[in-house]
Amino acid sequence: MLEKALVGSKRYWTWIFVLLGIIGVAFLTYLQQLKYGLSITGLSRDVSWGFYIAQFTFLVGVAASAVMLVIPYYLHDYKKFGKIVILGEFLAIASVTMCMLFILADMGQPMRVMNVILHPTPNSVMFWDAVVLSGYLFINLVVGWTTLGAERKSVPPPTWVKPLIYLSVPWAVSIHTVTAFLYAGLPGRHLWLTAIMAARFLASAFAAGPALLIMLVMFVRRVSKFDAGTEAIQSLAKIVTYAMCANVFFFLLEVFTATYSNIPGHMAPLKYLFFGLDGHNALVPWMWTAAVLAFMGIGLLVNPLTRKNEKVLPIALLAVFISAWIDKGMGLVIGGFIPNMFERVTEYTPTGREIMITIGVYAIGSLVLTVLYKIAIAVKESTAGEASHH
Amino acid sequence: MNRRQFLKIAGASTVLGLGGASAVNGFRLGVPAAARMSLDPRALTAKRWGFVVDVSRLRTEEDYQKCIDACHNIHNVPTFKNDLQHEVKWIWKENFEATFPGTEHEYMNAEFKEKKFLVFCNHCKEPACVRVCPTKATFKREDGIVMQDMHRCIGCRFCMAACPFGARSFNYLDPRGKNPDGSPLIRVQSQTYPTRTIGVVEKCIACYERLAIGQQPACVEASNGAILFGDLEDPNSEVRKVIGEKYTVRRKPELGTQPSIYYVIGGSEHA
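The listed protein sequences derive, respectively, from chains A and B.
By numbering that gives the first Met the number 0, the letter at position 187 of the first sequence is numbered 186, and the numbering carries on one by one without gaps.
By numbering that gives the first Met the number 0, the letter at position 161 of the second sequence is numbered 160, and the numbering carries on one by one without gaps.
The reader is advised that the hints may include incorrect statements.
[Claimed, not checked] Which residues of chain A face chain B? A few of them, derived with a C-beta cut under 10 Å, are:
#1 N114
#2 P119
#3 P186
These are calculated hints, taken from the structure and not from any lab test.
No residue lacks a Cβ here, since even glycine has one placed at the ideal position from N, Cα and C.
Build the full structure now, drawing on both the sequences and the hints.
Laid out in structure tokens, this is it:
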């Protein structure tokens, strides 16, 4: 089926080459990082994880969100998702690919990455994260490719793939749970030491992931003959709505516990994020932007009039997506390191080169996604064409 | 076997997970690892090594600096001029509030408030850094020393996120390199301990290499009695005697990592 990605319009090829160009520049920047180490980033002794790990965390959520299509379609036989479930699975593949690249970009000794497999360490959450992420990539590759291949031949997918599809449901939950456990089990990091983290991760993932998917589906509808259908989009939009409400609710629970208990250590990182601490307030404008966008997004999505308006819907979804990205892709990871173990504030800002490498990884993800979507849409267009001929 | 052959074997055994600390030892002494299989008869051993830091005996700026320099010089810890962001340190000074967060209060006397403490890796009995390391590069020895295999570390920095004491430093820059002004990061290279490479995490190793040849840790030796070192599980050890007699505190005991550094705070006359 790969050959379908080799035939495309001028616009398609322009997009591919733009992405390749960005990847090229980012790769050259990465070569500098290989040479000069992570000193080219804004990371420090106090804030030892930053932009890369934050993107990784956020994208694990986007990957996991494919389950929001798999459950209704495969477990509840919700036929309307039949056309787009493959797009969810392919988005998961692109996201997990980016997750792995971000981990690699963050490593001080990337050429030793195989040590994780050579010396398997079950007591390390990071070992399990590597296991569940590669497993999830494998499951989605096999399921996505097999079901699409079957669709191309207009036959039902082979029966052996069914158990794998069912397995993908708990597996999706596991990838984001284990990612939350990277943080939630560490002593002495007050912002992270919270039992609700995995639940909040899943809630924000099930908001941001499907929000992105709807925007992609609406874009695909504009550039191809493939239409996912209004009902599928609206159902997904409702999932985004409830998930985002849960996400904000869970966050407010964190705020209550920290502030009503009045324990200084628990309040300090939240104070830093939203009001600044000891005169340091780099993230304050970002966090308030996230808060405003969250409530704006929820407001527009809860109201059926605005949700059903296809001009307003993308704005609402974009608000939710950016809000979740700021919250998880910046606030959560950086906030966990501030204040530091000596109750002092060292701030962190990603450097230009760090941002360039990050953009490069997103470009690789976009390339993977473009190729996979091109194939999926080509298959769907041709089968739809045949169906109308019959 | 010449040096080159030895390095090959040491490297391969590290990759296979056989070498670890012995590979480092062999490199340091320039003799084959096999020749060092038997324990040096002078070696100091314990069930669980621990420290007592009596800050009342650290009076002048020089008292502190001697301990810090002793450690950093023999272990080739790089000195970064005006680059706190990328700093590497194994032992350093902190004030009361930073050492024991949450215990300071507004009426505390000025002497305590200003008092400096020496902080370094706590060699916890339940080390969070060891628990999270995905490659066992950070590990705890049977004698309680928490250390790391610099050849196995992948530089993921999970241990830095996990350590509640900020004991760990990452080599953001090549420690064998230079400051922006051209001066080398390692001023005088010590031959007793290997330099590290870029992209790995490091911290205090309780001078395991000195214990192996019967010497006390460098900071202990330079402290003029302010830092004591001994077996916490031996009731007759000096550290246990002091802990038994005086009021001592540990950093962040509520986190359950069970630090092995005990601080005598009040000074002998108030104890």
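- prompt: If you check each hint against the structure, which ones fail?
  reply: none
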